[in-house]
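Note that the protein sequences, when read in sequence, are chains A and B.
Heads up: the first sequence begins at 523 in the working numbering, then just goes up one per residue.
Heads up: the second sequence begins at 523 in the working numbering, then just goes up one per residue.
What the hints contain is simulated information worked out from the structure, not anything from laboratory work.
Everything numeric in this text was worked out from a predicted model, so none of it was measured.
Treat the hints with care, since some could be wrong.
One copy or two, either will do: identical chains are not told apart, so a pair holds if it fits within one copy or between any two.
Said to hold, decoys possible - Derived lysine-lysine pairs resembling DSS-like cross-links, with alpha carbons at most 25 Å apart:
#1 Lys788 - Lys565
#2 Lys565 - Lys789
#3 Lys530 - Lys766
#4 Lys565 - Lys530
There are 2 protein chains.
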Amino acid sequence: MEHGQLRKKEGTLQFHDGKASRIMPVERIKELHIFGEVDISKKCLELLGQKGIIVHWYGYYGRYVGSYHPRERSSSGTMTLLQSRFYEDLSLRTAISHAIIDTSYRQMLRLLKEQAHLLRPRRLLEFERTFQLEQGSPPELFLQEAALRQRYYRLLDDLFQTTPLRFEKRTRRPPENEVNALMSFANTMLYQLVLSELMTSKLDPGIGYLHATNDRQYSLQLDLAELFKPYLVDGFIFKLIQRKTIQKDDFEWDGTACYLNAFGRKKFLHLWREQFKQTVYHEHQKRYVPYRELIRLEIYGLQQHLHGAPYRPLSGFDWP
Amino acid sequence: MEHGQLRKKEGTLQFHDGKASRIMPVERIKELHIFGEVDISKKCLELLGQKGIIVHWYGYYGRYVGSYHPRERSSSGTMTLLQSRFYEDLSLRTAISHAIIDTSYRQMLRLLKEQAHLLRPRRLLEFERTFQLEQGSPPELFLQEAALRQRYYRLLDDLFQTTPLRFEKRTRRPPENEVNALMSFANTMLYQLVLSELMTSKLDPGIGYLHATNDRQYSLQLDLAELFKPYLVDGFIFKLIQRKTIQKDDFEWDGTACYLNAFGRKKFLHLWREQFKQTVYHEHQKRYVPYRELIRLEIYGLQQHLHGAPYRPLSGFDWP
Numbered sequence: 523m524e525h526g527q528l529r530k531k532e533g534t535l536q537f538h539d540g541k542a543s544r545i546m547p548v549e550r551i552k553e554l555h556i557f558g559e560v561d562i563s564k565k566c567l568e569l570l571g572q573k574g575i576i577v578h579w580y581g582y583y584g585r586y587v588g589s590y591h592p593r594e595r596s597s598s599g600t601m602t603l604l605q606s607r608f609y610e611d612l613s614l615r616t617a618i619s620h621a622i623i624d625t626s627y628r629q630m631l632r633l634l635k636e637q638a639h640l641l642r643p644r645r646l647l648e649f650e651r652t653f654q655l656e657q658g659s660p661p662e663l664f665l666q667e668a669a670l671r672q673r674y675y676r677l678l679d680d681l682f683q684t685t686p687l688r689f690e691k692r693t694r695r696p697p698e699n700e701v702n703a704l705m706s707f708a709n710t711m712l713y714q715l716v717l718s719e720l721m722t723s724k725l726d727p728g729i730g731y732l733h734a735t736n737d738r739q740y741s742l743q744l745d746l747a748e749l750f751k752p753y754l755v756d757g758f759i760f761k762l763i764q765r766k767t768i769q770k771d772d773f774e775w776d777g778t779a780c781y782l783n784a785f786g787r788k789k790f791l792h793l794w795r796e797q798f799k800q801t802v803y804h805e806h807q808k809r810y811v812p813y814r815e816l817i818r819l820e821i822y823g824l825q826q827h828l829h830g831a832p833y834r835p836l837s838g839f840d841w842p
Numbered sequence: 523m524e525h526g527q528l529r530k531k532e533g534t535l536q537f538h539d540g541k542a543s544r545i546m547p548v549e550r551i552k553e554l555h556i557f558g559e560v561d562i563s564k565k566c567l568e569l570l571g572q573k574g575i576i577v578h579w580y581g582y583y584g585r586y587v588g589s590y591h592p593r594e595r596s597s598s599g600t601m602t603l604l605q606s607r608f609y610e611d612l613s614l615r616t617a618i619s620h621a622i623i624d625t626s627y628r629q630m631l632r633l634l635k636e637q638a639h640l641l642r643p644r645r646l647l648e649f650e651r652t653f654q655l656e657q658g659s660p661p662e663l664f665l666q667e668a669a670l671r672q673r674y675y676r677l678l679d680d681l682f683q684t685t686p687l688r689f690e691k692r693t694r695r696p697p698e699n700e701v702n703a704l705m706s707f708a709n710t711m712l713y714q715l716v717l718s719e720l721m722t723s724k725l726d727p728g729i730g731y732l733h734a735t736n737d738r739q740y741s742l743q744l745d746l747a748e749l750f751k752p753y754l755v756d757g758f759i760f761k762l763i764q765r766k767t768i769q770k771d772d773f774e775w776d777g778t779a780c781y782l783n784a785f786g787r788k789k790f791l792h793l794w795r796e797q798f799k800q801t802v803y804h805e806h807q808k809r810y811v812p813y814r815e816l817i818r819l820e821i822y823g824l825q826q827h828l829h830g831a832p833y834r835p836l837s838g839f840d841w842p
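Turn these sequences into a full structure, and let the hints guide you.
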């Protein structure tokens with residue numbers, strides 16, 4: 523987040539913020555994420571290139587701007603071929619889509635049960651009982667997922683009836699009330715985070731499984747975000763509103779369209795970054811892992827699946 | 523080649539070399555190649571990101587260091603799936619590899635025949651007669667291509683016996699004489715040009731056909747460069763040396779390694795850019811097309827082939 527200059531100094535990196543210099547040992551860096559106004563010299567990029575370090579730049583709202591890739595590339599042709607093979611094989615593609623919807627459902631249910639005291643027990647039981655993911659082609663699965671999401675939103679509306687702001691129904695382009703505005707903004711931030719991690723991985727963000735591959739979007743980004751939405755977006759914004767951390771005056775209106783205003787955005791981004799610094803104990807990793815790194819672990823999990831391992835999204839840890 | 527700072531200024535780019543500033547209209551830039559010691563600010567990279575401009579950095583000897591890629595994707599998931607399908611299908615992959623080698627051979631022959639008066643007629647006839655591309659898997663085709671290239675280099679050596687500088691044999695990492703230094707530098711520049719065009723196309727540079735897809739390099743960049751090397755690299759440097767435009771004192775030595783020196787590099791890059799501004803009449807396009815655009819047309823040709831059209835590299839025009 524700091525402003526300053528990044529230079530090469532005696533074979534390593536030196537960051538100068540206008541007042542003092544700090545040595546950044548290049549051997550311990552895997553990648554650089556630049557949020558502040560940082561000048562970077564060519565000598566410095568040459569050094570980063572030699573060490574195979576990727577640099578990502580982000581704009582003011584943390585929006586991903588672009589990346590510097592050293593000669594060595596991050597995405598891999600071999601992995602792209604594997605990704606394509608799993609896409610073309612209907613049973614392999616169906617299995618991945620199935621696992622994503624199933625995990626997504628479990629995450630929705632987890633969030634609803636956590637707030638069960640605010641819900642009518644019968645509605646929750648009904649949500650749980652009527653979910654039965656049937657076999658089908660990926661487009662059919664996609665329709666089932668849409669139906670599941672409809673029913674989930676109805677329960678979210680029940681939840682938000684207990685908070686100062688209402689959800690009503692999901693509205694997009696534009697969001698038509700505060701909760702929808704917050705949900706849209708948080709979704710965008712989640713997509714960017716997933717995309718940043720995908721950009722430094724060997725996977726091609728363009729080839730998705732549940733979200734059909736097309737020319738307009740990074741489908742794999744949407745697939746992976748699906749897993750994290752219930753906890754990191756829906757649950758997060760529910761708490762923000764329930765605790766009145768974000769309130770009516772953090773929003774502005776443009777006709778019927780509702781958005782976070784500049785102050786609301788700043789507050790949200792601070793809380794959003796705080797959320798991603800939180801850690802969770804990971805059984806497979808045998809250590810506390812920041813939420814942000816969970817996304818990378820999901821990417822590794824999918825890569826391993828392409829190499830033959832079973833696909834078990836969000837396994838090995840439990841949200842607190 | 524210059525040293526200085528690149529900044530964003532009133533919505534466009536400003537280059538400051540320590541003495542004076544120069545405006546670089548961002549609308550007219552497609553990509554930046556940075557050879558000098560240039561500092562670049564984040565605001566500047568953000569602007570380049572918005573405009574979809576790629577930046578390439580080169581080291582002191584013109585060695586490619588790395589690239590900045592803006593967020594907006596050009597590659598398309600659908601196209602990547604098609605590319606993979608053609609890679610996985612052995613007969614489709616073989617057909618592309620075959621067409622590349624065949625075109626490359628024709629281009630070599632064209633260059634040699636153009637200078638036939640400098641060659642022993644028997645050697646040229648032999649080169650032409652012994653070429654018989656046999657059917658085989660892509661790795662076998664790759665070996666045949668290597669053998670063809672060996673024989674071609676022997677004739678190139680004959681050609682360079684008539685110029686002030688000798689070719690002898692192809693040496694790389696490091697190049698061991700002036701002609702090899704020039705060839706390596708020109709190849710690097712051609713690869714970057716092809717990569718830049720691929721980066722703004724729908725194709726994934728990582729999936730090549732003649733050059734097997736692997737994790738280390740952009741194989742498709744190598745495939746396409748193959749078509750252009752005889753004319754745009756070999757023929758070009760032959761003329762530079764024959765006409766004494768580039769001479770012995772444009773090089774410097776580091777042990778047994780030979781490189782263009784700063785002055786030679788500057789001269790070369792000027793001539794290289796001039797070459798790419800030249801135009802050629804294109805039958806299919808019914809207009810004069812700059813050499814640079816020919817690379818893009820090849821990319822379109824390959825894309826159309828993936829959509830079902832026959833693959834005919836470098837068709838529709840003749841080098842002057």
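Right, here's what the structure says about each hint:
1. Lys788 - Lys565: between (29 Å within a copy, 19 Å between copies)
2. Lys565 - Lys789: between (32 Å within a copy, 23 Å between copies)
3. Lys530 - Lys766: neither (41 Å within a copy, 39 Å between copies)
4. Lys565 - Lys530: both (6 Å within a copy, 21 Å between copies)
Hint 3 alone, counting from the list given before, is not met by this structure.
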